[in-house]
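Let the hints inform the model, and build the full structure from the sequences given.
Number of protein chains: 2
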Amino acid sequence: MNIIRPTVLLDEFKCKENIRKMQTRCMDMQLSFRPHFKTHQSQDVGYWFKELGVSKIAVSSLSMAHYFSAQWDDILVAFPANILEIDLINDLAGRIRLSLLVESMDTLEFLADKLLFPIHLFIKIDAGYHRTGIRFDHFNLIDKLLEKIKNSGNLNFTGFLTHSGDTYRCSGKHEVDHVHQANKKRFIEVKKRYLPHYPDLILSYGDTPSASISDDFEHIDELRPGNFVCYDVTQVHIGSCGFNQIAVVLACPVVSIHKDRGEIIVYGGAIHLSRDFLNWRDKGNIFGLIAAKTTKGWGPPIENAYVSSISQEHGKIKMEESELIKYKVGDILYIYPVHSCLLISSMRSLMTLKGEKLNMYEGLS
Amino acid sequence: MNIIRPTVLLDEFKCKENIRKMQTRCMDMQLSFRPHFKTHQSQDVGYWFKELGVSKIAVSSLSMAHYFSAQWDDILVAFPANILEIDLINDLAGRIRLSLLVESMDTLEFLADKLLFPIHLFIKIDAGYHRTGIRFDHFNLIDKLLEKIKNSGNLNFTGFLTHSGDTYRCSGKHEVDHVHQANKKRFIEVKKRYLPHYPDLILSYGDTPSASISDDFEHIDELRPGNFVCYDVTQVHIGSCGFNQIAVVLACPVVSIHKDRGEIIVYGGAIHLSRDFLNWRDKGNIFGLIAAKTTKGWGPPIENAYVSSISQEHGKIKMEESELIKYKVGDILYIYPVHSCLLISSMRSLMTLKGEKLNMYEGLS
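Sequences listed follow chains A and B, in order.
Per the working numbering, residue -4 is the first one in the first sequence, and the count goes up by one each step.
Per the working numbering, residue -4 is the first one in the second sequence, and the count goes up by one each step.
Since no wrong hints were added, every one of them can be taken at face value.
Between beta-carbon pairs, the in silico distance windows are:
1) GLY237(B) to GLY325(A): 41 to 49 angstroms
2) ASP277(A) to ASP277(B): 26 to 34 angstroms
3) GLY325(A) to LEU136(B): 15 to 23 angstroms
4) THR290(B) to ASP101(A): 23 to 31 angstroms
5) LYS291(B) to ILE(-2)(A): 42 to 50 angstroms
6) PRO191(B) to ARG256(A): 25 to 33 angstroms
7) HIS133(A) to LYS321(B): 17 to 25 angstroms
8) ASP277(B) to GLY167(A): 29 to 37 angstroms
9) ASP101(A) to MET(-4)(B): 20 to 28 angstroms
10) ASN239(A) to HIS125(B): 30 to 38 angstroms
It should be emphasised that the hints constitute simulated quantities derived from the structure, not laboratory data.
Just so you know, even glycine gets a beta-carbon here, dropped at the ideal spot from N, CA and C.
Printed below as a string of structure tokens:
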């Protein structure tokens, strides 16, 4: 491997282990598995899921659905339908089983009017996170949407979907379970009410923290975590994984060493890592931790070493002198990301430890 | 203009005005102007500088120098030289006047050994920001570097360079001036000491806040601001510009409206705006402000309207009901970015108000 610029390295073995483990969890709990591909954004990684028998996915935009439609024929866009992309919706709906999210009558009416092919709809429910979705007990609006769907030839109601994004603010199994149980309880209220009229309806659920940690998914039908495929320091902080499960690092050239300040400057900053940060133990806000290099990839984090600040292309690393003296200008240093989804999305590239570049989503212009 | 996905709009008139104003300031103060192109990252915008007679630029990576070398023959990479890219350094040095930054003997020795063509060197000085650079009074190390440069055929000493990035933490002319004067005072100490031996040496300086606000650049020779070309909400907060000078917005499709919560959800999130935020007046941390749409582009910000949170693809907008009712699903909403450099770098695209897509840097793989 000849790394000369900031490069995202993917440990294929760890990644496949993460996939296998999550799939096993879903099978054990009799949950249907619809992994979210917004984290890895790669057809090559997608293929590793396919090899294990996974047959349906979620993505975060219609452009991303377009990219993965070369490989998958059952795709959910887990984002409120963007009616301005109706041409792309029709293109996809004519070729694959396309599922969209709705939470308003305006969107439904537009789709009912403009669709040329059948699509499948989830109604987005707000079960406590308050980002998007209809309040779980706003039955009046849900009734109206269901009525509209029933009367439109190309609209097929599949079920309800929620995202418990508030588990991201938790730390430890107890907190995650608490948020998960509260949200799940509200979410299954909806199922109880509508199941008699729609016996086939399903509940789609699943952020990475609860999918990794919690054991009770009674009444839930489908799980769609995404981040678990690579994990990151945030997920370690939450308790979803250990460092040995983080499957990506940002490999960065060392461009300067300031022994007097206990600092290393790397080529690798906000445009690579993103500006996501985390309040990490006694270190304050950090933008990444430093992984020890091994002959096969990387090992545990180096103690007391972290990315203390970043600007557009610079990363500033704090490190104890005993570790710092091991580095010289021109070396490559590995950073565990705070948020792997944003790292990969910023970089739009992944390289395996064998030096293979993976096929990546690059957006539609 | 047919916008259907998050799109960065550039107001060509405002942008050209920003360029003209900064160039006039430099001329008035008898400063050489070397604009930093890391903000706009576009050959087309670069051409607007060329039309005004600008002849040299700064960029933040060797890859970006490669992109702009199609158009410019005097380029400074204002980032500690990454010796791992020696092949690209040699390629550029053979074609253009290439200037690099050094702050360590290791880098110098490597360059002296491997360069095939002459390059120009600035020694990076830390005048108070403490990100990179040699402490302004660390004369012992500076002496050694100068000695090494003198004895190497392909190394030519040009002068000293610093970045007063700490002006970004200021608010108002008084604070900016205070930081600027303190840093400048330390910086010109270096000039005073070395000018007798290097009568042609120059001092290169200039972050956007001080370049926009301060009037005293005595003893400084070259100014290299970057952000001023587009400005952003951070610069309004600092006092570098008014809202009428912000030359870019992120145009985002409205995908959901929650009247009960006073919220609009747009397609436009962290992968578009970046996660940079700002503590804005009584609103707490914001990720952008909302610009009023006009027939010609955009006007002032809508009062009490702001991006309150973002996730990967979602932006959540808080807005008063009287404004909120003007929007419907499928509309386009304009967001003033907190940080235009990261917005443009994330999006890798710019569209003028006439709907023209500009040529953009896309990175080297």
